[in-house]
Every structure is written in structure tokens, then in C-alpha cells.
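Can you build the whole structure from these sequences, using the hints too?
Protein chains in written order, with UniProt numbering: chain R, 1 to 427; chain A, 1 to 427; chain W, 1 to 427; chain Z, 1 to 427.
If you're looking for bench data, these hints aren't it; they were derived computationally from the structure.
Note that this is a predicted model, so its numbers are computed, not measured.
Some hints here could point you the wrong way.
A pair counts as met if it fits within one copy or between any two copies, since identical chains are not told apart.
[Unchecked claim] Straight line, CA to CA, 30 Å or less: simulated DSS-like cross-link-like pairs of lysine-lysine:
id, residue 1, residue 2
1, 217, 357
2, 351, 217
3, 217, 336
4, 336, 47
5, 357, 336
Number of protein chains: 4
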Amino acid sequence: MSKYVEYRREFHKYPEQGFREIRTSARIAEILTGMGYQCLMGPDVVKIETIGTETATEEEMKAAMERAVSQGAKPEFVERTKGYPGVIAEFDTGKDGPVTAFRFDIDCLPYDEPRKEGYRPFEEGYISCNAGSVHACGHDSHTAMGLGIADQLMARKAQFEGKIRLIFQPAEETFNGAQSIIDKGHLDDVEYFIAMHVALSAENRPLPSNTIACGCKDFLSDRQLDVTFHGRAAHPCGAAQEGKNALLAACTAALNLHAIAPHEEGLCRVNVGELYAGVAPNTIAPNALMKVEYRGQTPAVAAYAGKRVFDILDGAAKAYDMTYTYLDYGEVPAGKSDDAMMAVIERAAKKVPWFEKIYFEGNVGGTDDAAAMLTKVQQNGGMGTYIGVGSDTTQPVHNAEFDIDEDCIDAAIDLCMFALEELHGIG
Amino acid sequence: MSKYVEYRREFHKYPEQGFREIRTSARIAEILTGMGYQCLMGPDVVKIETIGTETATEEEMKAAMERAVSQGAKPEFVERTKGYPGVIAEFDTGKDGPVTAFRFDIDCLPYDEPRKEGYRPFEEGYISCNAGSVHACGHDSHTAMGLGIADQLMARKAQFEGKIRLIFQPAEETFNGAQSIIDKGHLDDVEYFIAMHVALSAENRPLPSNTIACGCKDFLSDRQLDVTFHGRAAHPCGAAQEGKNALLAACTAALNLHAIAPHEEGLCRVNVGELYAGVAPNTIAPNALMKVEYRGQTPAVAAYAGKRVFDILDGAAKAYDMTYTYLDYGEVPAGKSDDAMMAVIERAAKKVPWFEKIYFEGNVGGTDDAAAMLTKVQQNGGMGTYIGVGSDTTQPVHNAEFDIDEDCIDAAIDLCMFALEELHGIG
Amino acid sequence: MSKYVEYRREFHKYPEQGFREIRTSARIAEILTGMGYQCLMGPDVVKIETIGTETATEEEMKAAMERAVSQGAKPEFVERTKGYPGVIAEFDTGKDGPVTAFRFDIDCLPYDEPRKEGYRPFEEGYISCNAGSVHACGHDSHTAMGLGIADQLMARKAQFEGKIRLIFQPAEETFNGAQSIIDKGHLDDVEYFIAMHVALSAENRPLPSNTIACGCKDFLSDRQLDVTFHGRAAHPCGAAQEGKNALLAACTAALNLHAIAPHEEGLCRVNVGELYAGVAPNTIAPNALMKVEYRGQTPAVAAYAGKRVFDILDGAAKAYDMTYTYLDYGEVPAGKSDDAMMAVIERAAKKVPWFEKIYFEGNVGGTDDAAAMLTKVQQNGGMGTYIGVGSDTTQPVHNAEFDIDEDCIDAAIDLCMFALEELHGIG
Amino acid sequence: MSKYVEYRREFHKYPEQGFREIRTSARIAEILTGMGYQCLMGPDVVKIETIGTETATEEEMKAAMERAVSQGAKPEFVERTKGYPGVIAEFDTGKDGPVTAFRFDIDCLPYDEPRKEGYRPFEEGYISCNAGSVHACGHDSHTAMGLGIADQLMARKAQFEGKIRLIFQPAEETFNGAQSIIDKGHLDDVEYFIAMHVALSAENRPLPSNTIACGCKDFLSDRQLDVTFHGRAAHPCGAAQEGKNALLAACTAALNLHAIAPHEEGLCRVNVGELYAGVAPNTIAPNALMKVEYRGQTPAVAAYAGKRVFDILDGAAKAYDMTYTYLDYGEVPAGKSDDAMMAVIERAAKKVPWFEKIYFEGNVGGTDDAAAMLTKVQQNGGMGTYIGVGSDTTQPVHNAEFDIDEDCIDAAIDLCMFALEELHGIG
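Right under this line is the structure:
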């Protein structure tokens, strides 16, 4: 097993959710420092105003820092986070040349990983030891890829010119992770942008091992809302007519949100991912919190989805004579990889024997907030791509039992090194 | 303010949920001991097997005991609970005579009490200081009534014969509170049974201050289920077809459960009080927990409701190709007060000037697990009643802002003393 | 088989829906005329303005008249209807005395009666021969009772004083039948009012053969609406985003209307009885018509139901960004039988051996527009009752296979004659 | 206005629904005969066994034939239909050469066309004069295009070789129209297949005037079901517990059918286009008929949709303890135009000045049963395409107010003549 795969398993074992990636950040910085990098951490990486204060109380930040130490992170690196995750290491050749940025996302998903026979993370001892936290979206492998590239660069220092920025980004699954780094200015001077994700699709089928898609053009926009219905509690027998049932308002909304008609112009996706309602079995539910996200392949589709979502929320509230309020997490934009950058990756992929089948274009089929960074770079005249690194998997992405073919990690590192030879190679 | 009203306000300030009423029990025992009673507590009151072990872990019992002490309960009484709530004090005259049992329920509801201007508990400083806990069903006043009756009995000791058992019961709002005491045998020898509730209805309208209903015959049965739908997580864009949406299954079930048709034979009530579904906004919800209760005025109605509930659960699960499991809390029976006992109360009420309007029969319009005790006593040849003590209220029962006219407390105590004169008076 | 039972079977065989009862009216008038009565018919019975012009086009009235003749009605009586149903025959003794009115409803329900073995109407040849029309609510037997009373009165002419008005009313199942007769003034001078219905309930259980309930006090109000949602058609693939799906708006409304919470003060019933939506399988439905009725046991309950109904309609329309309009059929009032009149019936029932079990009060458990007549009589200082005549049945009321124990017909006639002896008997 | 546009307006004025296109067929045959064609009609065009006998009773066929004559069709051509629509005219050059088939669909949609100011068909006098029938999908123009091609061919007879078959197909909107012609063998010898549709899309936006898409590859499969839920009627107050509410079962199904999750592999579309439920406002609905169609872009998506549809139907029926049955209209297959044939059209389009913008590939975004013919031809080694002829429209397809830019008709005729020059031109 390569040391990069060992890194992946370590991160898999200690998964941390968005804006809680303190152990992860401390370990990344420790490893990178060991390689000879100087790392930016925490408030030097992310803009605190963008993150907002609701994300974590001081107490929660303190708890995350304490857990990090108890799980093997070095206190000096934990201290440097100041409670905020994120690491940036810059490989500066000292020679003139372009600036390339890589984005590696480092957060996990909020589920429990099943402890069961036949499931490799359990059998081989790297199953999540943090309750309600699991790397079911492959970010553990992305982090390992980033460390691998960092390592390779140091080993071949003299062969490159320009600057290569390695961004280890928190909170991809939630919001504001990418934006908090953009707002700090770390993408302002970037000419080439690369992000990768394991196990995407091409031709609308999952990418298996030994395949690659050189870029994706189907990033959907994504907007998330926390919607709260404000009803009125009452005894369901003794005074039912006095109640205003927020649970039923939310259920009505949820069903109708999932029934929003498609849009001819492109993909339109709506999900009610979470619902929490009520206070007691024998009380009409006075409250309901519903987490909604909607995505559109074009601005027109996103606008259509938004109109439909709010019509339905208005209608459900009206039907139960109540109000609702919502917290808006903002919108990740739609986005597209650049053909020229995809061609760079295609050429590199041909040099990696592991990739037996190369798709020029793949499907992300959804959203990644890398699209915000990509868009930023494109607005400044740069270009970029979002690569799908094929991998057999045990379960689809976002399933708690998602495990990968770890061979893809080394292949992805090789791929990026070949691309860097083209973009930053001397002479 | 009478000291009984002061008791009520103290209990209002420190509300405790079902099977967590440790401070409440300790204080009741302390006060009763002060009056000269010998109290049964905890495991001598409730049968532990009936309660079951899921109700509270040892850690939770310990936490409740610690909080009780920190909120002013005497450690010696807290110790005697052994972590289990409930107090029984017996007024034994030493003379031959009947056995009468009073039931006073002592638990609170799981909401937050609003801290707002103009709301008396807030303005006068007895608002709940326990998060997610509020006496929104008047059990604080019932507890005060029980202490008042105990006090009056001691003051007029020589005037009575037989035995009068004062049962301070935990967990009326949840399940098994009454049953755990029945199973311990405390109702086996009872001839007369009395329970009271503030603010019921008569002629289907709320009972205001200065009114009373001498009994209720419309106890519905009540059965509670915790239903869990078992779906499958997936990314809502990348692999939506792999998901099985437990949130939508639950919403479909909830709407249809509330749409169960009425039954000609009597009241039929179904409530989905709580719903918790999903793991992340951007994941198809793999799980949903739904707390359902259903009630019927007769066994036929209860059976009909149960059939419809399970048909709907089966159907919702089938529609989403998933299974469900449920935890069954059992059934509180339907019940009826006895005319003869209601007549005793009617005669007593006529002697209490505060009761300006006396209804022979009132409406509980739902359930109280006092019905289980009442049924037990009737099965043994005894008789009983469930009295509605009128009170103006700020909000309907089970609303977090429910407050009462405290004058009803003294009136209820007087009422019971007059009833006891008839049932237990010497010669 | 008595001739009254033969009448019932004849009416059963030729059922006619509300305001189409031309054959029925013509046959009633023919039979009554044969007994010696002078009959009012059609426009002399019902106020045309009350009925409204949407009920039937001239063409439809003509068709109903033609069918009546083809099904054996005498043309002279059909002519006298002028296309409007309803018959009133007055038994005027010529002597001073009170005025009593009986109401017999004559319309059927709009279903098909099943032609199947073992079902008596099929086997004995009196099954409905009119498509989509069936006497599934017993009005065939009510009509027969009316003819029986008319016949008995003529046979015992000299024994009575005052006036006895026999009202054969159309359109009980729909609306305005009773009101159209009230508005014509036929209830203005009435002191005693009696209506009967087979197969009601008492103590919330169906009344079997050999039982009677002397009156009902639980008439719910009833209001009917035809609600139309106005959406927009579009191809469900090619232009789905342009559509506004009226079918889904209506389905959302229907589910939530059936989920309206109960009211503590009395019965509250909402039914969406019919729904018609869409134009083609491959088109987003631009239209939906929904027939809604709601009932309340008291004015407060009816007002609550109305508020909830319109909130839900508003909300469903809002959720789908469309408007709705509705046709309001008006409200039948709640109502109660009078104890004094129920006592008259009780005394009469004791004289009829067939009634082995007499309930003083029964349950209609819903609505009958006889309540409008009853209320009118009570407002003028008169009194009345609505009697439940027990009968074993094959299926519940409003089921297409509803058949009765015909012995109840003669028993009901005897009952009314004994009641008339008390109310109108000479000396 | 060209005579072809006049034809279009005539067909627009007398729209006929699937398998009722008798006047349309008679007029087509009359016009073609006038040009010198020998026409196959009715049973020589369509296979009667494929159509099935439920489609039309003899009485209905007779009525359609009578209306045809009354609306100006010549009786001799009406007679030749024998009650079945469809016309085939073959242009046989008598010289060796390939066989090309054109498909023109001739049926309308089942709506009412609005009579309103500013709407050209109303203002210029060609609005539908058949109730519940409207050419809202452009088949009137397709028919005119077919007649135009027929006319041009005759005018330039000597320039072509081989055979050109002009198929005027009934019942595209419903099912079996294309299949009934395939089953008769009319596609067995075809090498080139061409069908056209006005106003499709390209790049997921509607094709405006002066544009063309040379083929479509996104035909979804399509399967239609008539689903009937079998409940039980009961009075909604008197015996609600006896009822089984088919209306609510259908509403539950409809909402959940529209909420079926998307599929990663391709478009998945489900529509409940029609719903008919219930018998009376005051009766629990014992029946509901729901017209469902579902489509998938690939066999895997279609299979997924079918599984979800039947799970939901099963679940809704289970929830209401009832059964359902369904009539299955079969499946139109998914399909794709051939690149080689699209290239023929591209070359032809470049010769038609009206087409200013030529898209090689367009989007049908749904289904056309031309896909069944196309597939048949491809299975035999032939090739074909389905062309989108751009046109500005007043409303989206399938909206009752859909009107087109008639200039597209002449442009489409010219296009096909240029294509025929390539495919059938001599030397």
C-alpha cells in the first residue's frame, strides 16, 4: 500500500464535518510541513465573515480542537487553526511562470458508517471512529491525492517553473467552503484551476476503475434553504381546532417540492433532505424545520426551480394558516470546464497506463462548490477543469457504505504530475 | 397566595418529563414527611419491569438525580428515589373503613416555555428553568392539590375512618406511568378512586373558572407507536435512482394518517406528533422516525383506527419499496366514570361556593392513563370518577403558554375534603 | 307483499336523480289522484327561482319527460309537471284543527346498481333500469310510506280533524329540494312536522329491524362547493415548465381537506366526493373540478370547517401558481328534533308491535335537508321530529347495493297513523 | 396564402381525435386522387386487430362518418374508410430505385380551442368547429406538408426513380396509430424514413421560425396505463368507516408518481394526465380512474420508471385497503435518428433560404410513435430521421392556443423535395 493510500485510510478513520475539520487540517499541515512546505492555516485560509458565526460556537470550536488532539493531531498545528479548518501550501519555484491552483476538499458527510462484516473499512480497521461522520463522498481520497502531488513536486523541484498552489478546502458538502477561500483572495491570481472527484460518471454511467473523464460541463447551480414553519401547538383531541399543524404543512410542501415538473432547458433537481417536526406524540406539531436544496443546469432552470419552491412553500403555509421563515445559504453557480484545459488533462491521461478508457467529457450530475472557484478563475481570464477519476465503488456516492478502489489515488497523482509538466515544465 | 399555590409555582418552575421527576418526587416526599406522612418512593411505588429499561440509562438517572439536588431537592429524598420517580403517602386512620385512592400526575411536557412580557410565569418569576420542559398540562396544580389534601387530612385527623391513599404518579404524558403503579398492586384494595384535571370541557366547551364537571365518560383508548422507515441514501442528482426516500414515505404516511375517515360509533383521533427524517440536505433521506398515536372511543373504533394506521404504514412503505419497524408503547384503555361516584362529587361541589356552575358530566375529549387505574378499581367492584376542575386559561392545554386561574387549586382541595367527609366521615 | 311494498319496488326500478323525478312524480300523483286526492305538481310545489336554471336545460327536462312516458307514466300527469318534479297532496278534513306536514323525499343517487346473483333487486326483477341511478338511500321506501299514509287517511277519513299535508320532495341528495318548497310557502302554516328515514342509528350503531328512534338532534349543517382549479396545459416533456398542473393542485387540496383536524365542540365532516381533472394522458392537466362538502354540528364548527377549507384551497392554488373559482350551493342548517314531538312518536311506537326496541333519540350522523323544513316550522312556533325507522340492510347507506327489510314500510305507516290519532284525532 | 396553408387551415377547422379522423382521411384521399394518386384507405392502411375493438363502437364509427359528410367530405371517400382512418398514397416512378416513406400524423388533441379576440384561428375563421377537439400539436400542418410533397412530386414526375410512400397516419397522440400501419406491413420494404414535426427544440430551447434541426436522438420510450382503483362507497358521515376512498388513493398515487426521483442515465418523465373519481359529493368515492404515462430515455430508465410506478400504485391501493386494475396500452420504443440521414437533411436544408440557422441535432424531448416506424426501418437495415421544423408559436405545444408560423409549411415541403432529389433523383 502506498503511503498516499495510508493517508486516505487515516482520514477515512477520523472524518470531520464541514468547518469542524480541525484534526484533518492539523494533520495535513503537519505532513506538508514535514515535506518542507510553509502552510497557511485557519483564518489565513478562510474568510471568517463569509463563514458566518452560526456555523460554530466558540465552545464547539474548542471541542473540535480538543478532539483533534485526542485523536493524534499535534497540538502546535491544532493551535494554529484557531478553530478554523483549511490549509494552503504553495509550491513556489521561484521562477517566472503561471499560477496553478488545485482544490482538494476535506470534509465528510453526517452519517454513521456501518460496522459490518465484509465491509473493508470495518474489516481492515479504518472505519470511522467519529459518530455521525463518514467519508461517503471520497474526500479522504482527494486529500490523499493532494498530499501525493505535494510530495511529488518536492521530489522533482527543479523541473518546474511558476507557482503551484495546493488548496485543502473545508466544507464542500455544506456551503461557503469554496467561497470563504475565494473571498480571502486565494484565487485572484490563478491562471489554471484543477479539481478532481472520484467516481463520477460519463455518458451517464458511473466511471469504473481504469477510466477518466477529463472535465465536466454540467455543474448545476445549487441553493440551500433551511425552512421553518411556525404553527401552533394544541392537544390533538381536547383542542385540535386551536392547533396549526406545522408537520402537515411541511409534509405537504415536501411532497409537492419533489413533484416540481422538469424543465425543458436542462436538469432541475429539488431535494428535501431533512425534516424535523413536532414536540410530543400527543401534541399537534407547532414547528417544522425542512432542509431544501434545489439545482438548475442553467440560470433559467434555477430561476424556475426557485419560483416553484417558493410558490409551494407559500401555498403549504397558507393551507395551514401559518407563516414560515428561512435561512438562505446562498447559491453555488452552475459551471463548465474549459475545453483547452480538458485537452491538457487528456494528454496527461494518455501517459498514465492505469487509465485504459479516457472520456473527454464526463458528468458531475450535480454540484460541487469547486464551480465557484472555477468560475472565479474564468472571470479573470484563466481556465480550469473538474476531473472525474474513475473508481469501482461498493455503493453509490453519499451512501454510508461508499468505498473505493484505492488504486485510483496513485493514478490521479500521476495524472496531475503529467499535466503540471505541460503547464509548468521548464523548457 | 395560599401555600398550595406556592407549591404549584415551585413545581411549575422545575418541570420534569416522564420518568425524570426526581426533584419533583423528592420535594413531594419532603413536604409530606414534614406533615407527618411516611412515604413510599421510587421502586416501592412503580414496577421497574413495567417501565422498561429503554426509558432511561443509568447515566440519565444519575443526571436527573444530580440536577434535582442542584435545584434544591434534599439529597436524602433524592437518594430514596433510586433514580425512579413516584411517591405514595397513605393516610391510615387506624379505624375500619373503605380505601380511597387519589391519583395526582406530576410530569411535564417536552417543550420550551416562552419567556415573554405579559406572561405571568415569566413576569412573576416561576417560569420553567429546565430547557425543553414545561407544565403545559396543569400537573403542577394537580400536585399542589394532592399536597393540599394531605395537609387538610392531617389537620382533621380524627374526623375520618378507613384509609386514604395519595398517589403521586409519574409519566402521565408518556406511557406506563399509571400501569407501573397498578402492576405494583397499589390499586388492588381500592374501593373509591378519584382523579382530577384542571380545565377540561363540558358540553364540548372549555370549563371556565367557577365551574366543575363531576365526571367524564368519554375516555378514548390511546396507543402510541414509534415508526421507523428504512430507506436508502443516495446523492439526489448523481444517483437518485439508487435512493429510497424515507422522508417522502413518512410524509405520505403522515398526510394519509391524518385523513383517516371518522367512525360512526364514536370519536376516532389520529396524530402524527413528531417526525425526524434525513441526514443531510444533499442526500436522499435514508431514514425517518414518526411518532404516531391513535385513539378510539370504543374498542371497535380503536380497532378500526389501528387497521387503518397499519394499512397506511404498509402502503407508504410499499410505495417507496422499503420496510418499516415500530416500537409499540401499548394501549391505555377507554374508560368511564361511575354515576354513583359522580353523584358524591356533585354533592360535595354544592358545598364549595367557588363552584357556581356544576356540570354532572364533562368531556375529557381524549385520554388520561388514570383510565387504567379507574378500570382496575371497577374490575375489583369499586367505583371512581375523573373530575374536571374549571379554570380560565391563557391558552389551550398542551400549548407552551398554558397558564391557569390558581384559585381552582384551593377549590379542588375543598371539594375533595367534602367528598371524603361523605366517604370516610365518622358516623 | 303489501301494495305499499309493491310501490317501493316500482320506485326502486325507475330511480330518478334530483330534479329529474318526473316519472316518480307523475306516478305519485296518479296514485294519489286514484285515492281521491287533488295534487299540486311541479311549479306549484317548487319555487323555480330557488332551483336555478343550471339544474336542467329545457332539453334535459324534455328528455326526462319523454323517458317518464316511455317508462309507464301517464302523459297527463307528466304534462302537469311542466318538467319540474314534486307533488303535494293535502288531506283536508274540513274541520278545525292543526296543520301537520310530512316530508317524503323521492330522488335517487347517481350510481349504477350492480346486477349480481344473490342480490334481491336483481333476482326479483326490480333492479334499476336507469343507468347511473339507484335508490341507495331508501327514498323509494319513504315514497311508499307516504302513499301508505295517504291511503290510510282516506280509509279513515271521518276520524280526523285539521289538515295533513303530504309533501313528496325532490332533490334531497343534492341541494335546494327542501328550500324550493319552503320558498313556495308550503311550510308557513305548519304546526307539526314529521320526516322519516330508514336505517339510521341510535347509540351510534345502525338501527336494525324492529327498532325505532323517535327523533334526532345531531343534524350537521352541510355546505357544498364545486371548486375549479384553473391551470395551464403543456406537454409534460417538451414544455413541462410552462404547465400549471391543476390535477396536482386538486390532489394536494383533497388530501389536506380530508386531514382537517377535528373540532372539540362537535362533529366536523369534510368530503371530497368527486374529482375530474385533465384532458389527455400526455398533457399537463390544465383544469380540475372538485366537489367538496363540509358539515359541522354547531355554527362554530361549521365556521371552523369553512375557514380551513378555504385556507387549503387558497394554499393549493398558490402552490401551483393558479387561481380557482367555485360554485356555492349554499348551506343546509344544523337542526334538532323537539322532545315534545319525539314523545308523541314514542307513544305511537309503543302501539306498533313491530317496534320491539324504542330509542327516544337516534343519530342521523349527518345531514338531511328536512332540517331546513324543521327549522322553518320551529321558527314559526311549531315543532317536529325526524324519525329513524330501523331496518336490517344489505349494505350501509349510499352503497350501491343497499337493500332494506321491507317490513319496516308497513310499520312506519302504522306508526304515523297512531301519531296522527294523537295529533288530529277527533275528541 | 399558398394552397398548402389553406389545407392546413381547413384541417385546423375540422380537427378529429385519434381513430376518428374520417373527414380528414376522406379529404386527404379526395385531394390526392385529384392529383392523380391511387389511395389506400381505412382497413387497407391500418390493421384492425392492432387497433382493438374498444377504440370505437360501430355506432361511434357511424357517427364520425356522418359528421364527416356533414362537414363537407365526399360520401364516396367517407364510404371507403369503412369507419377507419388513415391514407397511404404511393408515388411509384416505375423505375428501379429505393423506397422512401414519409409519415404525416393527422389526429388532434382532446381540448376545446378558445374563441377569443386576438387569436388568429378565431379572427380568421378557421377555429375548431368540433367541440373538445383542437390541432394543438401541429398535425394540421404536417398533413398540409404531406399534400404539398405529393403535389410537387406529381409536378416533377420524370425527375425521380424508385418509390415514395406517403403515409397519413391516425392516432399519434393516443397509441397504436403507427403500430397499426407497421403491422399491416407498410414499412417492411422501406429504406429511408422521414417524419417531421413543427416547433421542436434544439439545444433545449424552442426552434423559432427560420431554423431547422435535422434529426433527434432523444426519443423517450412511452407507456400509457389506465389505472382504476376499486374502493367502496359509503356515506361520509353515517358510515364513513365502511368506505374505502378511491379518490384519496388516487390523489396519493398521483402526488407520489410526480415525485418519482430522476435517473442519472437519462430523462425520466411521469405524468398523470387525467383523473376521474367519485359519484356524488356526499358519498365516499368508490372508484377512481387515472391515466398515467411514463417515459424513459433508455431501457434502464424506462424499467426504473415502471418499477417505481407500480410500487406507488401498489402502495396507494394498500394504504386504502383496495385493489386496482389497469389497461396497458403498450410501449412506444425509445429511438434515434441516423447520422447519415440527418446529413441528407442538412444538405437539403442548406438549399432552402428560409432556414437561416441549421442545427444538426434537435430535441424532441419526449415521444412520437414515429419512433416505432423508425425503429422498424432500422431493424431492416434502412435509416431515417425525425426533423424539427422551426416555427414561432403563440403557446407551447399541447396548449389549446397553440398556433404556428405557417411559412414553415412551404419551407418543409421544399426541404423534402431537395432531400428526395438526393435520394431518388435520376442520375
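For each hint, the structure was consulted:
1. 217 <-> 357: both (19 Å within a copy, 24 Å between copies)
2. 351 <-> 217: within (24 Å within a copy, 34 Å between copies)
3. 217 <-> 336: Both: 4 Å inside a copy, 23 Å across copies.
4. 336 <-> 47: Classified as within; 25 Å inside a copy, 50 Å across copies.
5. 357 <-> 336: both (22 Å within a copy, 25 Å between copies)
In this structure, none of the earlier numbered hints is contradicted; all agree with it.
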